[in-house]
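Asker: Chain residues, written in single-letter form:
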Amino acid sequence: MAVVEDLPEPPGGVACPACAVTPAAEVLARRERAAREVRIMLSVPEMSSAACISRVERALKAVPGVRTARVNLTMKRASVTADPDMLPETLAAALDGVGFEAHELDPGALAATETDRTGRDLLMRLGVAGFASMNVMLLSISVWSGAEDATRDLFHWISAAIALPAIAFAGQPFFRNAWTALKTRRLNMDVPIVLAILLALGTSLYETSQSGAHAYFDAALTLTFFLLAGRYLDHRTRAVARSAAEELAALEVPRAIRIGPDGAEQTVPLADLAAGDLVLVRPGGRMPVDGVVERGESELDRSLLTGETLPVYAGPGAEVSAGEVNLTGPLTLRATAVGADSSLHALTDLVAVAESGRSNYSSLADRAAALYAPGVHILAGLSFAGWYIGTGDLRTAINIAAAVLIITCPCALGLAVPAVTTAASGRLFRKGLLIKDATALERLAEVDTVVFDKTGTLTAGTPRLDAPESHPTEVLAVARALAEASSHPLSRALVAAAEAAGVAAAPVADIRETPGFGMEARLGDDRIRLGRGDWVGGTQNGAKAATWLKIGADAPHPFTFSDALRPGAAAAVAGFQAQGLAVRLVSGDGRAAVEDLAREVGITDWVAEATPVEKAGIVGDLAGHGRKVLMVGDGLNDTAALSAAHVSISPASALDAARVASDIVLLGTDLSELAPARATAQQAIRRIRENFRIATVYNVIAVPLAVAGLATPLIAALAMSASSITVSLNALRVGARKPRPARSAKEV
Amino acid sequence: MDVLRYLIPASLLLGGVGLAAFFWTLRSNQYDDPDGDSRRILTDDYDDKPKG
Chain V
0 MAVVEDLPEP PGGVACPACA VTPAAEVLAR RERAAREVRI MLSVPEMSSA
50 ACISRVERAL KAVPGVRTAR VNLTMKRASV TADPDMLPET LAAALDGVGF
100 EAHELDPGAL AATETDRTGR DLLMRLGVAG FASMNVMLLS ISVWSGAEDA
150 TRDLFHWISA AIALPAIAFA GQPFFRNAWT ALKTRRLNMD VPIVLAILLA
200 LGTSLYETSQ SGAHAYFDAA LTLTFFLLAG RYLDHRTRAV ARSAAEELAA
250 LEVPRAIRIG PDGAEQTVPL ADLAAGDLVL VRPGGRMPVD GVVERGESEL
300 DRSLLTGETL PVYAGPGAEV SAGEVNLTGP LTLRATAVGA DSSLHALTDL
350 VAVAESGRSN YSSLADRAAA LYAPGVHILA GLSFAGWYIG TGDLRTAINI
400 AAAVLIITCP CALGLAVPAV TTAASGRLFR KGLLIKDATA LERLAEVDTV
450 VFDKTGTLTA GTPRLDAPES HPTEVLAVAR ALAEASSHPL SRALVAAAEA
500 AGVAAAPVAD IRETPGFGME ARLGDDRIRL GRGDWVGGTQ NGAKAATWLK
550 IGADAPHPFT FSDALRPGAA AAVAGFQAQG LAVRLVSGDG RAAVEDLARE
600 VGITDWVAEA TPVEKAGIVG DLAGHGRKVL MVGDGLNDTA ALSAAHVSIS
650 PASALDAARV ASDIVLLGTD LSELAPARAT AQQAIRRIRE NFRIATVYNV
700 IAVPLAVAGL ATPLIAALAM SASSITVSLN ALRVGARKPR PARSAKEV
Chain R
0 MDVLRYLIPA SLLLGGVGLA AFFWTLRSNQ YDDPDGDSRR ILTDDYDDKP
50 KG
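Residue numbers (numbering that gives the first Met the number 0), protein chains in the order written: chain V, 0 to 747; chain R, 0 to 51.
These are calculated hints, taken from the structure and not from any lab test.
There's no promise every hint is true.
What follows is a list of derived Cβ distance ranges for each label pair [said to hold, decoys possible]:
id	chain 1	residue 1	chain 2	residue 2	range
1	R	Ala20	V	Leu370	35 to 45 Å
2	V	Thr603	R	Asp31	14 to 24 Å
3	V	Arg175	R	Asp47	26 to 36 Å
4	V	Asp95	R	Ser10	40 to 50 Å
5	V	Gln171	R	Lys48	39 to 49 Å
Here are the simulated SDA-like pairs of lysine to any residue, each with C-alpha atoms no more than 25 Å apart in a straight line [to be verified]:
id	chain 1	residue 1	chain 2	residue 2
6	V	Lys435	V	Ala466
7	R	Lys48	V	Ala61
8	R	Lys48	V	Arg116
For clarity, every value in this text was computed on a predicted model and none was experimentally measured.
Glycine included, every Cβ here is placed at the ideal spot set by N, Cα and C.
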């Protein structure tokens, strides 16, 4: 619920809610002492070339008060340091002047991607492991090709001198992970890895000191190198997704307009608001707090909270909830609940409960590790025991156990999953799907039921005039004249319909908007009105959005609207059905609207007027019957259901809370990529399983050699590199090839 | 085999120089904006005089 409460405390921010009423100047002054300059981040999505970089930077530096400006073309962002009183709007306007659309980003929400420390750390370790393994491999090759006696010993000692510090530095992520797992008495993939590395180093060191023939320094280093490569791929996939998700969140800079005791308007961060403050919400703005309307009349769009498409009237005394959108007139609210107390936040408890069900999903890699780790240890232990009992020679037995551990070491397994997920996520990202969660792909592939939300998900959330041809041209002309003066969604739909029908606006005079009710004007000698039924004299029938036009003394003429389908909605539903999935529609909107839409996109199984709790309940019931549910939704009323589902998708237009709750974010508007995305996910899972099989085949060939005591460092190096490379190449096929035609869910 | 006395340190030294260079590029944020850096070289902003 970053909209309200995930705000970073401003430096020198307010400690207690009551303090917020202290003069704002004092707060400002404190903040100024904390930072003598401000950093402003702007998203400039249209930059594409070298010329753009210079133009944007020059335009920003030309603004008085700007100290430095630097463009990051990869992220399509500009970061500016400026005097403390610099307003982001000034910078955005400056960029607008040179032809670039710019949006302010909330630097707090971007903090994590600012410097990717973990990524840099992994790269550095990868560099060290790569350098060390190349050098040691060079020395090992001369040993394998016949270096003997003093030369061999010298090469082994040099290898040890390189390998020991290199592994001590590069292997730290594995050591840490294995230690955390052992502390909680669990086994993960890192435990056999660490054991293999340490045992290999230990026996090699001992062998070297005894002038032995076999040392595994190169194997230990190559192992570290390949495994680190897998880790880095994994990290980068997640970092890319996280940074894109954070950018979506950062675009909603949480600000509100507070009206001071002297009546002055002041733009403040949401965190500075307190209950009892007067807050101004302009038309088109979202309610920042729960509150009661003090002044002004308007209509509210509640669709993101309840799924209703019909705008609701709000006048003095009406209660409003955070998240609702103000449509027509400016409203002044007296805040009753802010931040953590607001109704937005009440939904988080529901989300937390729903989420606990999903957290026990164990990924394919975890399940493989659970099988693999004990197996490897038992095998190594048995070969040690067997050789010790058979020969009575401790040195031989330990050497063979080490060889078994190195050869079975899950080097290819460590690459098997990240290499595939990187390729598949990259492919889906190019199609506009952002995979936020590491296991979301696996879960998407298992889905057998799809639950859609209606408003804002299957529909675009913008109304469309029903049957424009049924309205007489002269009526439409008058309606267009009135509607053009208003920014109400229904008015805009009327204008669009009239424009499409080629109807020009009639000449009207004295246009006036009565916020919350409608438009009024004069046509010749007649008074004309366009607006709500109760104001114009029409009667609301059914749950359809409607507006009435009254010309003079004539009977009011109704215009009804329905929500326009999102592009690709029907294709998405048909695609899922073709894959053999059950598709349901669960909406908070009225029966008539839901039924119409269900028929239009071809869904037979639909539920209307569902509350957020009922939505989550429906998803929970399906899960209880063993169904794997994909939930697609955008509203606050969907967040609990999104978290309860096996996997969830929300469009980028969704509220931040819904995007946070879902595993996958759809960046574009087109839904038609959803069904192919599931096919890609299934293909990725097939590749992962193939990779596991390839790794197993290598093991089946090499392990008997190792147990029989025939494995040399050369065989270990060959088996390891060959399996890692095969696995990586197999993974790349996900990104390169078209997915096969969709198959039925049963085959998965 | 006396030549090894020079060749091994020389090869390690050269590899080490490469590794140090890689560290330097990492530390000086040269992987933050690969797209932008590859294009900045094409701008003629500071062709006449250095950045002031």
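Asker: The structure should be examined with respect to each hint, and the outcome stated for every one.
Answerer: Hints versus structure:
{"no.": "1", "hint": "Ala20/R with Leu370/V: 35 to 45 Å", "in the structure": "43 Å, holds"}
{"no.": "2", "hint": "Thr603/V with Asp31/R: 14 to 24 Å", "in the structure": "51 Å, violated"}
{"no.": "3", "hint": "Arg175/V with Asp47/R: 26 to 36 Å", "in the structure": "53 Å, violated"}
{"no.": "4", "hint": "Asp95/V with Ser10/R: 40 to 50 Å", "in the structure": "57 Å, violated"}
{"no.": "5", "hint": "Gln171/V with Lys48/R: 39 to 49 Å", "in the structure": "47 Å, holds"}
{"no.": "6", "hint": "Lys435/V with Ala466/V", "in the structure": "41 Å, violated"}
{"no.": "7", "hint": "Lys48/R with Ala61/V", "in the structure": "19 Å, holds"}
{"no.": "8", "hint": "Lys48/R with Arg116/V", "in the structure": "36 Å, violated"}
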